[in-house]
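A.B. asks: Chains as they are written, first to last, in numbering that gives the first Met the number 0: chain S, 0 to 278; chain H, 0 to 331; chain A, 0 to 153; chain R, 0 to 343.
Because the hints were derived from the structure by calculation, they are not lab data.
Glycine included, each C-beta is placed from N, C-alpha and C at the ideal position.
Honestly, I wouldn't trust all of these hints.
Rough simulated footprint, nothing fancy, chain A against chain H, three-plus residues with beta-carbon under 8 angstroms [claimed, not checked]:
1. 55 to 62
2. 201 to 211
3. 256 to 268
4. 289 to 295
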Amino acid sequence: MNNPYVPYPVRIDRITIENDERDLKSFELVFLDPAHEKAFQHAPGQFAELSVLGTGECPIGIASSPTETGSLLFTVKKTGVVTEELHRSREGRVIGVRGPLGNSFPIERMKGKDLVVVGGGFAFTTLRALIRYVIHDDHRTDYGDVTVIYGARNPGELLYKAELDEWRSRDDLEAHITVDEGDENWTGHEGFVPTVLGDVAPSAEDALIVVCGPPVMIKFTLPVIERLGFAPADTILSLEMRMKCGIGKCGRCNIGSKYVCKDGPVFTLEQLSGLPAEY
Amino acid sequence: MSEIQEQLRRRVAELLREGTVDLFIGYADASVPLKSSVHVARSAQDAEALVWNACCTSNLAALLPDLLKRPSGFRGEWTPPRVGVVAKGCVSRSIVGLIKAHQIPRDAMYIIGVSCGGMVDRHRASRLLGPAELVEAEFLKGDRLRLRATNGLEREVDLAEVLLGGCRECGHHNAVLADESIGDPIPPDDDIARFADVQAFAERPIEERWQSFQEEVSRCIRCYACREACPNCYCTECFAQETAPQWIGVTTDLSDLMLFHIGRAFHQAGRCVDCGACVAACPQGIDLRLLNQKVNHDVKSLFGGDVGASLDEPEPLMRFEMTDDEGFMTEP
Amino acid sequence: MTDLTKGRGERGAGWEPRIVAFLCNWCSYAGADLAGVSRIQYPPNVRVIRVPCSGRINPLFIVKALQSGMDGVLVSGCHPGDCHYISGNLYARRKFALMKSLLEYVGIEPERVHFAWVSAAEGIRFAELLLGVIETVREIGPATRMIKEIETVR
Amino acid sequence: MNELILGKTDLATFLSTLARERRLIAPLDDRTGASFGVVGDVAKVRLDYRNTSLSAKGVVFPQTETLLAFRDGGGTERIPEAPETVLFGVRPCDARSLTMLDKVFRWDGTEDPYYLERRGRTTVVALACNEPGPTCFCTSVGGSPGDETGADVLATDLGDALLLRAVTDRGEVLLRGAGDAARPAAAAAAAKARELAAKAEGRLTPVTIPTDAEGLVEAFEADVWSDLALGCLGCGACTYSCPTCHCFDITDEGRKGAGRRVRSWDTCSFPLFTLHSSGHNPRPTKGARLRQRILHKFSYCPENFGEAFCVGCGRCIVNCPSGIDIRRILERLVETTSKAGGSV
Numbered sequence: 000m001n002n003p004y005v006p007y008p009v010r011i012d013r014i015t016i017e018n019d020e021r022d023l024k025s026f027e028l029v030f031l032d033p034a035h036e037k038a039f040q041h042a043p044g045q046f047a048e049l050s051v052l053g054t055g056e057c058p059i060g061i062a063s064s065p066t067e068t069g070s071l072l073f074t075v076k077k078t079g080v081v082t083e084e085l086h087r088s089r090e091g092r093v094i095g096v097r098g099p100l101g102n103s104f105p106i107e108r109m110k111g112k113d114l115v116v117v118g119g120g121f122a123f124t125t126l127r128a129l130i131r132y133v134i135h136d137d138h139r140t141d142y143g144d145v146t147v148i149y150g151a152r153n154p155g156e157l158l159y160k161a162e163l164d165e166w167r168s169r170d171d172l173e174a175h176i177t178v179d180e181g182d183e184n185w186t187g188h189e190g191f192v193p194t195v196l197g198d199v200a201p202s203a204e205d206a207l208i209v210v211c212g213p214p215v216m217i218k219f220t221l222p223v224i225e226r227l228g229f230a231p232a233d234t235i236l237s238l239e240m241r242m243k244c245g246i247g248k249c250g251r252c253n254i255g256s257k258y259v260c261k262d263g264p265v266f267t268l269e270q271l272s273g274l275p276a277e278y
Numbered sequence: 000m001s002e003i004q005e006q007l008r009r010r011v012a013e014l015l016r017e018g019t020v021d022l023f024i025g026y027a028d029a030s031v032p033l034k035s036s037v038h039v040a041r042s043a044q045d046a047e048a049l050v051w052n053a054c055c056t057s058n059l060a061a062l063l064p065d066l067l068k069r070p071s072g073f074r075g076e077w078t079p080p081r082v083g084v085v086a087k088g089c090v091s092r093s094i095v096g097l098i099k100a101h102q103i104p105r106d107a108m109y110i111i112g113v114s115c116g117g118m119v120d121r122h123r124a125s126r127l128l129g130p131a132e133l134v135e136a137e138f139l140k141g142d143r144l145r146l147r148a149t150n151g152l153e154r155e156v157d158l159a160e161v162l163l164g165g166c167r168e169c170g171h172h173n174a175v176l177a178d179e180s181i182g183d184p185i186p187p188d189d190d191i192a193r194f195a196d197v198q199a200f201a202e203r204p205i206e207e208r209w210q211s212f213q214e215e216v217s218r219c220i221r222c223y224a225c226r227e228a229c230p231n232c233y234c235t236e237c238f239a240q241e242t243a244p245q246w247i248g249v250t251t252d253l254s255d256l257m258l259f260h261i262g263r264a265f266h267q268a269g270r271c272v273d274c275g276a277c278v279a280a281c282p283q284g285i286d287l288r289l290l291n292q293k294v295n296h297d298v299k300s301l302f303g304g305d306v307g308a309s310l311d312e313p314e315p316l317m318r319f320e321m322t323d324d325e326g327f328m329t330e331p
Numbered sequence: 000m001t002d003l004t005k006g007r008g009e010r011g012a013g014w015e016p017r018i019v020a021f022l023c024n025w026c027s028y029a030g031a032d033l034a035g036v037s038r039i040q041y042p043p044n045v046r047v048i049r050v051p052c053s054g055r056i057n058p059l060f061i062v063k064a065l066q067s068g069m070d071g072v073l074v075s076g077c078h079p080g081d082c083h084y085i086s087g088n089l090y091a092r093r094k095f096a097l098m099k100s101l102l103e104y105v106g107i108e109p110e111r112v113h114f115a116w117v118s119a120a121e122g123i124r125f126a127e128l129l130l131g132v133i134e135t136v137r138e139i140g141p142a143t144r145m146i147k148e149i150e151t152v153r
Numbered sequence: 000m001n002e003l004i005l006g007k008t009d010l011a012t013f014l015s016t017l018a019r020e021r022r023l024i025a026p027l028d029d030r031t032g033a034s035f036g037v038v039g040d041v042a043k044v045r046l047d048y049r050n051t052s053l054s055a056k057g058v059v060f061p062q063t064e065t066l067l068a069f070r071d072g073g074g075t076e077r078i079p080e081a082p083e084t085v086l087f088g089v090r091p092c093d094a095r096s097l098t099m100l101d102k103v104f105r106w107d108g109t110e111d112p113y114y115l116e117r118r119g120r121t122t123v124v125a126l127a128c129n130e131p132g133p134t135c136f137c138t139s140v141g142g143s144p145g146d147e148t149g150a151d152v153l154a155t156d157l158g159d160a161l162l163l164r165a166v167t168d169r170g171e172v173l174l175r176g177a178g179d180a181a182r183p184a185a186a187a188a189a190a191k192a193r194e195l196a197a198k199a200e201g202r203l204t205p206v207t208i209p210t211d212a213e214g215l216v217e218a219f220e221a222d223v224w225s226d227l228a229l230g231c232l233g234c235g236a237c238t239y240s241c242p243t244c245h246c247f248d249i250t251d252e253g254r255k256g257a258g259r260r261v262r263s264w265d266t267c268s269f270p271l272f273t274l275h276s277s278g279h280n281p282r283p284t285k286g287a288r289l290r291q292r293i294l295h296k297f298s299y300c301p302e303n304f305g306e307a308f309c310v311g312c313g314r315c316i317v318n319c320p321s322g323i324d325i326r327r328i329l330e331r332l333v334e335t336t337s338k339a340g341g342s343v
């Protein structure tokens, strides 16, 4: 019986600091054992428990797409005991990863449809995995137009800055990057994500919209999504919840009868509206 | 006790009808013998369920901070509800402690003081029936109590024999702070040997003390009923569950249980009114009083004072004297 | 299968008591420093933790040290009246008296936990105090009570 | 071979044979009445208790257990080498609760090796209830004083003897190995057992249980919860003594690069249970937390596992410091939700 509580050992290959405040870092993790790498087949939208023996575990979305072989990318904000220990770690340290956990974005159902990806702040991690998967040469033709709207408080807080520029230059992807407050050399949008989404007004016709961000952004974005004509069944969200086991046993991450770690973290707005408002 | 109950019900109904209070906290019957439940009356009709008997072991002061504090995330102007509470001696002393600690505003409360002859220790009474479960308890004339078990076994006993430890040594039968009082005051009985159990335990050899301390805390299941039942435990984050720093492990290892109980008892210094709510709340029947009373004894003998006796008496650990004892210190 | 994560020696040959000392920065730490500066020898059994004032010492520090397997704990601050913060030591004295009494009451050997006042000028007195504590702890042997043994790989 | 009579005088020899090659756990004298413990002296085993204060779940789901041990970054799993165990004298409600825990720890094919290792080595000898107590309500949640669910052997106290009936193969193996202390039972014994069970069943007062899972969720917004929770202290006494509560925490311990990852019981009554590191808490009030305990048992588990996770043992009623009675909560809920459910 394989033990779902035992993490795969991985080495921190590269650490990149993502924002000026230095409380957001991306960790590239490499499996020590190729057999583990083969076993760890994930899909965009899934998460994993990062394990630091002696400190604990924390659930973090997988930021790399399955098309990026060789390593897994996790972007971690320093907020708690385990994330602080991760931020203190140096390249070369061996930690653990447990997963892949939870469900993924409905990449099959998205085929043949236009995609609108709306992200805010550091919740952009699993959305990056989705975008990288969709625009990958093997998959791009399966999907229609792709519109990305991603916002952060200020330019310094934007994740994956290099990639954002590359996406903006692509012709098969429409990327709108916005910040609440620009600085002198900021040339992109200036405004909150919901307003930019309203201005860009992507068509809801035969399209799915994926939105992930801090609660305040979700609160103001959902009405805009509704106004644009996206049906609740076509509005896809990825939720965050306090988690420990990640495999539907420890009883802590439920919303109504659904466990965010097992039945989520990806839900449609339609599913969510059927659940009690306790998230 | 029952005339106090009648008067209490009538007064609370009036207070609610007049709107002097928005809600009144008291006791009601529970479905388990020798136990009462916490009852919140919002209407005159609710007041009918209020009871006053020898099973009212909860310290109602423990519920006041939650009710009288601005709910987290509340927008706009918030005024605390007018809360009424029935207060026996120890509950009123806990209320005094909470007022001094700025946890509850005096003016938002209407306190009905009651004279209290002591509450039954449910564990102590049930133990008289062995493993069979206590099914029925009946208070008889002359402060007697008849107990009946599932297997029909019956025992009759003096109430005094099964009272909570704190009640047997009680020095405050009447409320020290109240807006009105019910029941004629009970005079203090001065000839009781206070801290007798602490003295007896302290005189036992150190190995024996260590052995029984281990036995007592090894029964703990970390459910924190003792902490949640205690009015002194109003911290938003308890040292026992802190993660940065993590003082104790989230385990039932004996060492972690010991640290929890030593830490909890130590935090009672100069604040514990010996109401026995923790002893009554513990599902494992642990003698928590063993530690609380030791700290109370030391505070009394070293620093004097009477816990929760008056609003203007400063807390013993919030002040010092130049002449404080140093006998415990080590000289080279 | 329980294994000790730290090398806690048995009373056998070569066992040396391990003491942790919480010293207040302004007096006792300075006193310990003075002892060193004036070449007064005192054994290396002690690990010093400097705290701003004896008033900063949370009684949980003491039980946490015992839980981690320390054989002895010394807590030292300024003499009453000398406290850099006027009354830190005076408030602390009450807490220390209660903690010492409670620990002994539950069965921790009184020789394990020591409280003292050492001023910045008392280098010799600090060394003597420390020698006394080490000998007292040596007499009662290694700590066995309240220690948290964490199961791990050998 | 599946029905034996064991005279009370031979009980000691029967238990000793069991205890010889297995770990025997049975109710022993305890200041809270009776509590499960490893049996040293078989004479200490009690049969005259109504139920233990804590449930028997600790035998298969201990309050604290090591998941992994590690040193210098390398971790190894710590699957327990659980001994063959006989859990003797467990009441039918507790035996049934084990089948519910099985569902959680085997849910959707994700198997919990720690629980299943212990569970697989445990033989359950249940003791039917002849005298249910005032806080029992097993018949209202699909159980009964003579229920066999979850038991490998069902014992019934006939007064001077115990009728032992093997329910599963594992039970049969146990009885076969019990030596000659017990002899095949006459038909009359089984009839008497059934009669005792029926009499016991008659003494239980039914409780109206909300059986409509969705209907209950409609009560989610009702302010009945904050009322019900006013007296609640938010402690773990009810959940830690409940046989079907299975929530747990995972934390790490260790010094200088060596230590362990521990699983320990946790409860939805504590605010820290769902507190996000951002400070947000989806269940900020006692009312929300009490709602989770009730809805998890009577709405979410029926939906996920097909049955309410309550066996009617009444421990949460006996152990609640504030005298909160789950039966009153359930009745109040049935009133509040439109569709009333009778007893199952």
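A.B. asks: Within the region 201 to 211 of chain H, is the number of residues with a Cβ closer than 8 angstroms to a Cβ of chain A three or more?
C.D. replies: holds (count 6)
A.B. asks: If you look at each residue in the region 289 to 295 of chain H, do at least three have a Cβ nearer than 8 angstroms to any Cβ of chain A?
C.D. replies: Three-residue rule met by the region 289 to 295 of chain H, so holds; n is 3.
A.B. asks: Against chain A, does the region 256 to 268 of chain H show at least 3 residues with beta-carbon separation below 8 angstroms?
C.D. replies: holds (count 7)
A.B. asks: Are 3 or more residues of the region 55 to 62 of chain H near chain A, judged by a Cβ distance of less than 8 angstroms?
C.D. replies: Violated, because only 0 residues of the region 55 to 62 of chain H bring their Cβ atoms closer than 8 angstroms to Cβ atoms of chain A.
The structure fails hint 1 only (numbered hints given earlier).
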